[in-house]
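Trainee: The opening position of the sequence shown corresponds to residue 1 in my numbering, with each subsequent residue numbered one higher.
The set of hints was computed from the structure by calculation and includes no laboratory data.
It cannot be assumed that every hint is accurate.
Below, a list of computed lysine-lysine pairs in the BS3-like style, where the Cα atoms sit at most 27 Å apart [unchecked claim]: (1) Lys30 - Lys127; (2) Lys32 - Lys60; (3) Lys32 - Lys42; (4) Lys30 - Lys42; (5) Lys32 - Lys127; (6) Lys127 - Lys117; (7) Lys32 - Lys117; (8) Lys127 - Lys2; (9) Lys117 - Lys60; (10) Lys2 - Lys60; (11) Lys2 - Lys117; (12) Lys30 - Lys2; (13) Lys117 - Lys30; (14) Lys30 - Lys60.
Quick list of the computed label-pair ranges, beta carbon to beta carbon [what the hints assert, rightly or not]: (15) Ala73 - Lys30: 12 to 22 Å; (16) Gln97 - Glu23: 29 to 39 Å; (17) Gln108 - Ala73: 33 to 43 Å; (18) Glu4 - Gly107: 15 to 25 Å; (19) Asp39 - Lys60: 13 to 23 Å; (20) Arg80 - Lys60: 16 to 26 Å; (21) Asn105 - Asp39: 33 to 43 Å; (22) Leu41 - Gly107: 33 to 43 Å; (23) Gly107 - Leu77: 30 to 40 Å; (24) Gln93 - Tyr20: 15 to 25 Å; (25) Thr79 - Gln108: 29 to 39 Å; (26) Lys30 - Lys60: 19 to 29 Å.
As the structure is a computational prediction, the values presented were derived from the model and not from experiment.
C-beta: ideal position from N, C-alpha, C; glycine also.
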Amino acid sequence: MKIETFQGITIAYMRRIGAYGPENRQLMEKLKAFLAQHDLLKSTILGIPLDDPTITPAEKLRYDIGLIVPANATIPLPTRSIDDGTYAVFEVQHTQQGVSSFWQNIGQLTLSIDNTKPIIERYSSQKIVEHLCEFCIPIIR
């Protein structure tokens, strides 16, 4: 785990509403196709589940997938800011098992999690080559 400060991050994104699961992966593939068309495949991609599935009905769950907008870039997608703050960053095997295991065990972390902000899945091209991804958990400091 490492600690990072997020500040002034903007993403261009696509949103899906519905149960979390395979459809989120389909949205990721749609974004990757878009990135390939616009020569942006080396971008850092963020996956952001916006709702808690234990309290939000499955049909109302929101999931954003987007790329960090480089300075002075114009990307033909809606944009939004990522919450500024301190995040604990965990490196995880980029496999279905690795990601599922992380989500299943997140309650065992001994951190002061800031539940007012979403947990962010981060996929940098460098980490993907290494078969890794990162989970960025907002914390209270």
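Trainee: Within a Cα-Cα threshold of 27 Å, do Lys32 and Lys42 meet the stated pairing?
Mentor: The given pair, whose Cα atoms are some 10 Å apart, holds under the 27 Å limit.
Trainee: I want to verify a distance hint. Is the separation of the beta carbons of Gln93 and Tyr20 within 15 to 25 Å?
Mentor: Given about 19 Å between the Cβ atoms, the range holds.
Trainee: Do the alpha carbons of Lys32 and Lys117 lie within 27 Å of each other, as the hint requires?
Mentor: This hinted pair holds, its Cα atoms lying about 25 Å apart.
Trainee: Can you confirm whether the C-alpha distance between Lys2 and Lys60 stays at or below 27 Å?
Mentor: Between Lys2 and Lys60 the Cα gap is close to 32 Å, so the pair fails against 27 Å, i.e. violated.
Trainee: Mind checking the alpha carbons of Lys127 and Lys2 for me, to see if they're no more than 27 Å apart?
Mentor: 15 Å, holds
Trainee: If you check the beta carbons of Asn105 and Asp39, does the distance land in 33 to 43 Å?
Mentor: At roughly 38 Å between Cβ atoms, Asp39 and Asn105 fall inside 33 to 43 Å, so the hint holds.
Trainee: Are Lys30 and Lys42 close enough, with their CA atoms no more than 27 Å apart?
Mentor: Since the Cα atoms of Lys30 and Lys42 sit roughly 15 Å apart, the hinted pair holds (cutoff 27 Å).
Trainee: Could you check the hint for me, namely that Glu4 and Gly107 are 15 to 25 Å apart, CB to CB?
Mentor: Holds, since Glu4 and Gly107 (Cβ atoms, about 22 Å apart) stay within the stated range.
Trainee: Does Lys2 pair with Lys117 here, judged by a C-alpha cut-off of 27 Å?
Mentor: The given pair, whose Cα atoms are some 18 Å apart, holds under the 27 Å limit.
Trainee: Are Lys117 and Lys30 close enough, with their CA atoms no more than 27 Å apart?
Mentor: Distance ~25 Å between Lys117 and Lys30 Cα, so the pair holds.
Trainee: Could you say whether the range 30 to 40 Å given as a hint is met by the Cβ separation of Gly107 and Leu77?
Mentor: Once the Cβ atoms are compared, 33 Å apart, the range 30 to 40 Å for Leu77 and Gly107 holds.
Trainee: Mind checking the alpha carbons of Lys32 and Lys127 for me, to see if they're no more than 27 Å apart?
Mentor: 16 Å, holds
When the structure is compared with the earlier hints, violations turn up for hints 10, 12, 16 and 19 and for no others.
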